[in-house]
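Novice: Throw the hints in and build the complete structure from the sequences for me.
Chains as they are written, first to last, in our numbering: chain A, 489 to 813; chain B, 20 to 291.
Just to be clear, a hint being listed does not mean it is correct.
Sample of chain A residues with no beta-carbon within 12 Å of chain B, all distances over it, derived [claimed, not checked]:
(1) Thr490
(2) Arg561
(3) Arg564
(4) Val571
(5) Ala622
(6) Arg661
(7) Glu671
(8) Asp720
(9) Tyr777
Restraint-style ranges between C-beta atoms, simulated for each label pair [to be verified]:
(10) A:Glu491 x B:Ser45: 41 to 51 Å
(11) B:Asp231 x A:Gln757: 48 to 58 Å
(12) B:Leu167 x A:Arg714: 30 to 40 Å
(13) B:Leu201 x A:Ala517: 53 to 63 Å
(14) A:Thr490 x B:Arg83: 33 to 43 Å
Keep in mind that the hints were calculated from the coordinates and are not lab data.
No experiment lies behind these values; they were computed from the predicted model shown.
Even glycine gets a Cβ: it sits at the ideal position worked out from N, Cα and C.
Chain by chain, the residues:
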Amino acid sequence: MTERLSICLIGPKKGGKSSLLASLVDCVAQSAFGYSPRLRPALQPVTESEFYAEGVEPKKADLLMVEQGDYERLRRDFAEGGVATDTLDTYEYRFRLTVNGEAPPAVVLRGPWLLEIIDSAGEIAVPPDGAEVAILNDVKAKLAKQMLDSEAIILVLPLVRLEDSGWSGNLSRLIDRLALAPEKKLKRLVVVFSQYERLFARFGPSAFTYACDPAVALHVLRKSLRAVQWLDRLRALETPNGGVSVRFTVCSAYGFVKRFQNPNIDPHQPGERRFRRAGLEGARAYNEYWRPFLTAEPFLYAALGHDSAFTFSYAQLDARMEESA
Amino acid sequence: MHRAVPQGDQTAEVSLERLHYGKLASGATLSVPAAAGYGVTLRSHNLQASDDRLLSPPRLMALRRFEPDLVDPAARRRGAFLARVSPEPDSRRAIFLRARFRPEDGEDGHGRLYQQSAVWSVAASDWRRHPAALLAMAGSELEALPDLASEAECVRFSAAPARYVVRMLDPQDVWGALEDALDKSHWAAPTLEFLARGAETGEDATLTYGADDFASEAAFLRAVGLALQFLPASYPRWREICVVSGLRHESQGLCLRYLPSLRAAARTSVAA
Chain A
489 MTERLSICLI GPKKGGKSSL LASLVDCVAQ SAFGYSPRLR PALQPVTESE FYAEGVEPKK
549 ADLLMVEQGD YERLRRDFAE GGVATDTLDT YEYRFRLTVN GEAPPAVVLR GPWLLEIIDS
609 AGEIAVPPDG AEVAILNDVK AKLAKQMLDS EAIILVLPLV RLEDSGWSGN LSRLIDRLAL
669 APEKKLKRLV VVFSQYERLF ARFGPSAFTY ACDPAVALHV LRKSLRAVQW LDRLRALETP
729 NGGVSVRFTV CSAYGFVKRF QNPNIDPHQP GERRFRRAGL EGARAYNEYW RPFLTAEPFL
789 YAALGHDSAF TFSYAQLDAR MEESA
Chain B
20 MHRAVPQGDQ TAEVSLERLH YGKLASGATL SVPAAAGYGV TLRSHNLQAS DDRLLSPPRL
80 MALRRFEPDL VDPAARRRGA FLARVSPEPD SRRAIFLRAR FRPEDGEDGH GRLYQQSAVW
140 SVAASDWRRH PAALLAMAGS ELEALPDLAS EAECVRFSAA PARYVVRMLD PQDVWGALED
200 ALDKSHWAAP TLEFLARGAE TGEDATLTYG ADDFASEAAF LRAVGLALQF LPASYPRWRE
260 ICVVSGLRHE SQGLCLRYLP SLRAAARTSV AA
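Specialist: So, in structure tokens, the structure goes:
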């Protein structure tokens with residue numbers, strides 16, 4: 489049995505939505521997630537026609553084909569420093585997800601999954617507070633429909649002081665409207681804090697060790713969410729009437745450098761660039777050092793409804809520190 | 020904005036409506052402030068908000084999405100250029116588009132890229148009458164530059180249309196120049212043949228020139244402008260003509276294209 493799922497990526501601009509998506513397949517391939525290694529998920533980009541075809545099988549005919557689709561382009565843009573997603577449309581990327589290892593029967597029996605992940609500019613769903621952003625009405629309507637039709641929403645937020653951010657008012661309004669929309673199909677909502685590696689910039693080779701501790705992530709989430717106005721509004725989605733599972737997690741598309749374990753931002757390169765092998769071009773230059781961190785987490789939870797060591801519920805956030813210890 | 024072409028006996032005034040899409044910028048390097056997001060940043064007062072969709076760059080380029088790798092590497096700094104009749108049915112306007120990707124941290128920056136575009140809209144009848152002058156003007160003056168964050172919104176959204184005075188060309192002069200080009204250059208004959216064949220067959224086709232054919236975009240636009248100026252009023256596929264520079268995507272209709280980094284130019288390819 490194949491289950492089709494739509495997942496909407498939303499969040500303020502420059503929050504890391506497209507980077508999160510661009511690093512997803514590599515994160516799964518490198519098992520750089522907080523799930524058990526025995527879960528053995530596999531993720532493959534598929535075309536629109538493959539997504540809608542009945543009884544989709546793995547691409548046998550395309551065994552030797554080099555991937556040239558929209559997702560490959562997104563990965564290439566990410567490797568070259570990233571491109572701001574425009575507001576002229578919303579963009580769909582499609583994948584086939586399988587779980588090849590051990591997982592609870594309730595999860596395994598539903599698969600494989602066909603995922604449609606919708607990316608859009610941050611200005612559309614979460615514009616800066618007080619700014620009049622001229623967005624085409626049909627694009628706004630398209631994204632609103634996609635959000636209502638989605639089984640899961642991933643809310644991507646940069647790891648900044650949320651109370652000082654310039655978009656929290658609009659984010660609160662969006663969550664309110666979503667909670668009140670009776671026609672929504674939403675089952676899961678994941679709040680993911682991106683750019684997690686930046687917290688560990690001064691930790692050198694110990695950075696990865698600390699980042700890999702779920703207790704550290706839980707502490708960071710508690711601290712970040714302490715003064716957030718929209719946290720209780722989001723909780724309304726999860727009430728018995730809301731019927732939505734809400735989870736919180738962290739991630740880093742740049743991740744931590746393989747072998748050296750420090751945050752993967754090269755201070756010797758202009759702009760924000762990952763460490764790379766000199767003399768090589770494109771994605772190949774980064775592969776030797778790049779290991780994304782937990783960018784698969786929100787997507788796998790959104791698709792499977794299965795918790796990892798780094799997905800936290802309200803109950804876990806609310807628990808007293810000594811209890812969780 | 021009012022510019023005049025100095026020479027010539029008879030002149031005509033052409034009015035150009037303007038629309039910019041991208042982000043506001045500030046400072047000497049025109050970097051994008053953290054608060055600035057995508058949007059229409061300038062719209063001359065005769066255009067409506069409903070025109071934003073019709074004049075969006077991907078729609079004009081017949082693309083699902085405008086991407087950095089669609090811009091010829093040698094055209095990345097100024098961006099891709101396109102001139103055509105607007106694609107909506109029975110459109111009475113022609114558009115000129117310049118679109119590129121520039122770094123958010125300024126012109127020579129290394130930051131994330133974003134899309135910046137500028138559109139001119141003119142009456143289709145003016146495009147039909149003055150292709151040489153309009154291509155020359157657009158080629159030299161249409162730039163995808165961000166508007167300034169310091170400039171008031173009311174000013175940017177009530178901008179006056181640009182007005183240009185163009186010289187009416189004598190058909191004899193056009194033919195004379197084209198005759199010279201037929202003798203001395205290798206672009207004139209293929210271009211005229213391409214347009215003639217396009218009228219006969221009615222099929223979509225693209226004629227691509229490269230760096231071996233023209234030293235610059237300006238030279239290409241000058242040549243194409245001359246060829247289009249020569250077309251008779253009864254030419255049946257005028258509305259389907261598309262002049263493109265620096266865009267690695269074949270448009271529908273009859274497309275005359277220049278790719279500055281192309282060396283061994285593939286002359287004609289017929290698209291379905």
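Novice: Is it true that the C-beta distance of B:Leu201 to A:Ala517 lies inside 53 to 63 Å, as the hint says?
Specialist: With a Cβ separation near 58 Å, B:Leu201 and A:Ala517 satisfy 53 to 63 Å, so the hint holds.
Novice: Can we confirm that no CB of chain B comes within 12 Å of the CB of A:Arg561?
Specialist: Non-interface label fails for A:Arg561: nearest chain B Cβ at 6 Å, not farther than 12 Å.
Novice: Within 30 to 40 Å: is that where the Cβ-Cβ distance between B:Leu167 and A:Arg714 falls?
Specialist: At roughly 39 Å between Cβ atoms, A:Arg714 and B:Leu167 fall inside 30 to 40 Å, so the hint holds.
Novice: Is the nearest CB of chain B more than 12 Å from the CB of A:Asp720?
Specialist: 27 Å, holds
Novice: How does the Cβ-Cβ distance of B:Asp231 and A:Gln757 compare with 48 to 58 Å: does it lie in that range?
Specialist: Given about 36 Å between the Cβ atoms, the range is violated.
Novice: When you look at the beta carbon of A:Glu671, is every beta carbon of chain B farther off than 12 Å?
Specialist: For A:Glu671, whose nearest Cβ neighbour in chain B is about 26 Å away, the distance exceeds 12 Å, so it holds.
Novice: Could you check the hint for me, namely that A:Glu491 and B:Ser45 are 41 to 51 Å apart, CB to CB?
Specialist: 48 Å, holds
Novice: Given the hint of 33 to 43 Å, is the C-beta distance from A:Thr490 to B:Arg83 inside that range or not?
Specialist: With a Cβ separation near 26 Å, A:Thr490 and B:Arg83 fall outside 33 to 43 Å, so the hint is violated.
Novice: Beyond 12 Å from chain B, beta-carbon-wise, is A:Val571?
Specialist: The assertion about A:Val571 is violated, with a minimum of 5 Å to chain B.
Novice: Once the closest CB in chain B is found, is it more than 12 Å from A:Arg661?
Specialist: 17 Å, holds
Novice: Would the non-interface assignment of A:Tyr777 survive a Cβ cutoff of 12 Å against chain B?
Specialist: The assertion about A:Tyr777 holds, with a minimum of 19 Å to chain B.
Novice: With d taken as the least Cβ-Cβ distance between A:Ala622 and chain B, does d exceed 12 Å?
Specialist: Non-interface label fails for A:Ala622: nearest chain B Cβ at 4 Å, not farther than 12 Å.
Checked against the numbered hints given earlier, the structure breaks hints 2, 3, 4, 5, 11, 14 and satisfies all the rest.
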